[in-house]
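There are 2 protein chains.
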Amino acid sequence: MKQRVVFLPEGVAVEVLPGTPLFRAAVLAGIEIKSSCGGKGSCGNCLVKVEEGKAEIKSTGKLSREKQEEGYVLSCQALVGDEGLRVMIPSESRLEEHRILYDRPENGEAEDDACLAPEGIPLCTQFKLALDPPSIDDNTSDLSRLRLALRREMGLNRPETEINISTSALKNLAGALREGDWKVTVILAHFQRYAEIVAIRAGHDDRTVYGLAIDIGTTTVAIYLVDLLTKKVVGQHGDFNRQARYGDDIISRIIYAAEEEQGLQELQFAVISTINDVVEELREKAAIPEEDIVQVVAAGNTTMTHLFLGITPRFIRLEPYISTVSTVPAVKAGTLGLKVHPEAWVNSFPQVASYLGGDIVSGILYTNLAHKDDIILFLDIGTNGEIILGNKDWMVGCACSAGPSFEGGGITFGMRAMSGAIERTVIDPVSLEAQVKTVNNARPLGICGSGLIDCLSSLKGAGIIDRVGSFQADLPTPRLRRGEGGWEYVLVWAKDSAGVGDIVITESDVKTLIRAKGAVYAGIRTLLRMLELDESVITKVIIAGGFGNYLHIHDAIRVGLLPDLEYHKFEFIGNSSLKGACLGLLSREALDEAEETARMITYLELSVGTTFMDEYVAALFLPHTDLTLFPSVESVENRI
Amino acid sequence: MKQRVVFLPEGVAVEVLPGTPLFRAAVLAGIEIKSSCGGKGSCGNCLVKVEEGKAEIKSTGKLSREKQEEGYVLSCQALVGDEGLRVMIPSESRLEEHRILYDRPENGEAEDDACLAPEGIPLCTQFKLALDPPSIDDNTSDLSRLRLALRREMGLNRPETEINISTSALKNLAGALREGDWKVTVILAHFQRYAEIVAIRAGHDDRTVYGLAIDIGTTTVAIYLVDLLTKKVVGQHGDFNRQARYGDDIISRIIYAAEEEQGLQELQFAVISTINDVVEELREKAAIPEEDIVQVVAAGNTTMTHLFLGITPRFIRLEPYISTVSTVPAVKAGTLGLKVHPEAWVNSFPQVASYLGGDIVSGILYTNLAHKDDIILFLDIGTNGEIILGNKDWMVGCACSAGPSFEGGGITFGMRAMSGAIERTVIDPVSLEAQVKTVNNARPLGICGSGLIDCLSSLKGAGIIDRVGSFQADLPTPRLRRGEGGWEYVLVWAKDSAGVGDIVITESDVKTLIRAKGAVYAGIRTLLRMLELDESVITKVIIAGGFGNYLHIHDAIRVGLLPDLEYHKFEFIGNSSLKGACLGLLSREALDEAEETARMITYLELSVGTTFMDEYVAALFLPHTDLTLFPSVESVENRI
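If you read the protein sequences in the order shown, they are chains C and Y. Take the working numbering: the last position of the first sequence gets the number 640, and nothing is skipped along the way. Take the working numbering: the last position of the second sequence gets the number 640, and nothing is skipped along the way.
Treat the hints loosely; a few may be bogus.
Note that identical chains are pooled: a pair holds if it fits in a single copy or bridges any two copies.
[To be verified] For lysine-lysine, the following DSS-like pairs were computed, each having C-alpha atoms within a straight-line distance of at most 30 Å:
(1) 285 to 128
(2) 58 to 495
(3) 128 to 392
(4) 511 to 332
(5) 40 to 171
(6) 232 to 49
Since the hints were derived computationally from the structure, they do not count as laboratory data.
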């Protein structure tokens, strides 16, 4: 028999069967609880307090005895029993408390380069037509008349031989033509070999049509609202991907989608509803109705793209790591439940491989790499480090698992790059005292990914850690101490932190970071070795993604994350997946080119052969076993 | 406040607002009441008896006082008032009591020529593929792998450059490939320039795939269930078009669709549910599930095609008579609510003009007219007479309104060609006695369309009517008498009829028939005159439709309905719309050719100019004003 669970302080109630985890019951009640382990009971983020009734506890995980006695449980490990419950969800367990801006966390303003105007015709355009009214002598059907006028208007610019029409436009056609006295506005979607009349409106007016460029990130969703006639970005907004409640990382989500009943549908719904909420905010700000958004282009990694379309990502995770789609068929927005014009087409960027997805292809489009003579290295560093090397003639790519540390995961005081995150650390080599700078100069809460690289470099520079990341005992500073898990260095004392106690970085954190940076560098080296090239051929290193925005090149080279090249060769391009999606939205030719690019990239599976493993082991040093690869660092080391 | 109406004897109850006609309430209750006037109160078919409660009577129409006193009302004119009602629907008012077979009313057996095997590839085919399993070295996505195997399997026979995939097939893809151990069965729909993977099944088995060829007639719906692999018709079934409850003829239905709230949706639902019931019966007989029907091809007149797709036919009726579509976009069965595979494509035959529809184009395809050197006259005679004249180089066509008399409408004892319908009449010129033959040799109930032509010819031959159709008074037979509406001739005395009293044909009936046959003949003449040709160029007259099946050429010429040609030039081809639809289903090339044919036919609007009216007036004689056009009849006349 179903039991009633009331979530406090809202008082939202749901009825669920005995055996349902509280975490799932909360999802059903529409409340988002933090979780980063996918419900395994290991992350400890999903703490709730049972105030009335008794839950069945599968596991207490790392929960302290005190917390247990106060009534706290891990909501993923506490099951509804045979009585009703009243459950308090503390604010620290709630996902929505942690909202960040979507592109550049410190700054929500539209960027200057957000206005893109590529060559070519947008995926969807609008035509104002004035048709000759029919007569007894000129009695072709409405659709034939419209097609003729459309072909005439389009001239020979688009040689589509076939013009389809959506069902709803077809039903609306006769009425619209007559209501507008044979003047109509036609919304036309362009495909490679044909076009479709998506919608039709009576008469001519000043209304424009809009499209969405969407970057579907594992962590965040970022959207541009784009005027398809002026080719200008008229709004941008983003939010956390609501899938986070099913696990922080891709693997947790694949497991959830593959193994839970309705898991795939839940994950699809989570990302669609995230998008819908962002779009609603964009629409309200711009004061436009749903049906004026007539085209969508999405870029995401392979798993995100599969979940967005409701396709199982199950086999992405299982050897030999096969996705269902690489080139992705366009689908109607209505079938996905997107709150835009239901006949709008949704195009998704193509994937290269299971771990080299549409977000990277979109980024490559934005860099214009496919037209460059010079050899460029493209890096997108997050949980995975995705790497492309090439020029207009060839491209190779790979993905290396960096773990969640660059996004703040798995590190004692790791956090995302939001207010209060330490992004810069300076350690005096003599006093061994630390000074930190935080995002928004707020009181320190933790350390973000780029801050961790910076910190690693500072620790090494001050001689607190050695080349393999071991702490040097017996240094004359109270900041270096033995904690519960071994050696640690206090970056911020409790009195200066935002109530989180001493902010420390542990030896275990350092080793984790070395493994992460080593994986990325080994990926770069493996691509170069595959082609028998060395770093010197690289004329430019393009770094995409939020992580790159705060990275200090100097420190990243010094720890051996990035190759040792002149600083001017490095370029940060922000959310290139989003910007590339915008290019694809605004140019049919650009999107077609992206499909070509995806096919052109040779994917290197790093688990095949021994090259990557050799390179990885060699890279588990600061900066590297082979110091000749880091001449600028070597010279500094020698100086010290 | 809504009132409860209970229909007897079923006891089905519905709740409706006061003011709702009982006819509509019955529709809501799923009960089909006969009506042929579209709810105007003039046909008197929709009689019901109010047994409890009181209805508000708008009009009693032609209802006799006795009937009124017994509680009978016209259900279209009786509105629900402010109390509940119990209403008995007598069996004679029910539509389903009048079911007839769909193609040849006397014979439900499959015809010999129902098995068609045209050249070319069916619109949807099935491929059994064995894919190479993926590996680390061969890690393309499932869809790319499938496309590659499909292209290889198809060879160079179909040069589609693009292979799309339906959303549900895409979602099913990864599972099907692995469940079938990389053996799959792919259902592929073929379009002119691309193909679509409609569905995918794990493994290989003996299952086949089916398609439906549908003739959507104004009166009846006829369907072939076709095995798309063997190209054989494996079942055929038909039923009355349930739209009949909204009016017998096209114009009533257009008005209902255009002017009633939800009228269009009701009419669409009516035809879709008719089709669904027929398909269910076919499926049950063949023991196949819904999802094995993967393709649909429909042929219907322009209005039927619009209603089938849910497109308003409003403007078909209003000058200058413009339809929304001529070439009809394919739609998914799921969007129409057809109970077949929801991803199945539904193709509809193209229209030539508002009154020259896909049923005629389909018929022309079946005749192979577009490949003939000789000039052929194609006739489809029903409420409208649709006429095509031409050969492989040119075709002209027109539609003339014959009225409902050839289908038994508007004639005192007119009825459809079902059991008990008089199909043959012999009148002795001396005794003036009549002998009749009925369908199935049942006791006479009325006269069917072809029987009426025969009767007209017999009356003329016996000298009972003259060349303008006036009865000759003072003939020595009790069969000729003055009835309420003027002169009439008794074909069958009450004692010999099936309880319907004396079966008569009146002078008014005769005049109606002369107008009907005059319109058809004038249409033929107008086409010939437009091209400055005469009857002698016609090498063959092909007569389509149920009406033709019983027609006696001799009589049809004698009354001036058909041109006076040698009998061997006439050919009856039955339901050519259905057979042509089957050809289109089984051959992509044939369907493409039909689209070409529809564009090629020059449509002549008879209301323009005076030629048709001149010809019509000249044809209001038996057989014609100009007897030189009917030399064989003239010689007989002279002999008498």
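Checked hints:
For the homomeric pair residue 285 and residue 128, the shortest alpha-carbon distance inside one copy (27 Å) is at most 30 Å, but the shortest distance between copies (53 Å) is not. Proximity of residue 58 and residue 495 under a CA criterion of 30 Å is satisfied in neither setting, with 38 Å inside one chain copy and 89 Å between copies. Proximity of residue 128 to residue 392 under the C-alpha cut-off of 30 Å is found in neither arrangement, the shortest distances being 39 Å within a copy and 39 Å between copies. Taking identical chains as interchangeable, the C-alpha atoms of residue 511 and residue 332 are never at most 30 Å apart, the minima being 47 Å within one chain and 57 Å between chains.
For the homomeric pair residue 40 and residue 171, the shortest alpha-carbon distance between copies (28 Å) is at most 30 Å, but the shortest distance inside one copy (51 Å) is not. Taking the shortest alpha-carbon separations for residue 232 and residue 49, neither the intra-copy value of 48 Å nor the inter-copy value of 68 Å comes in at or below 30 Å.
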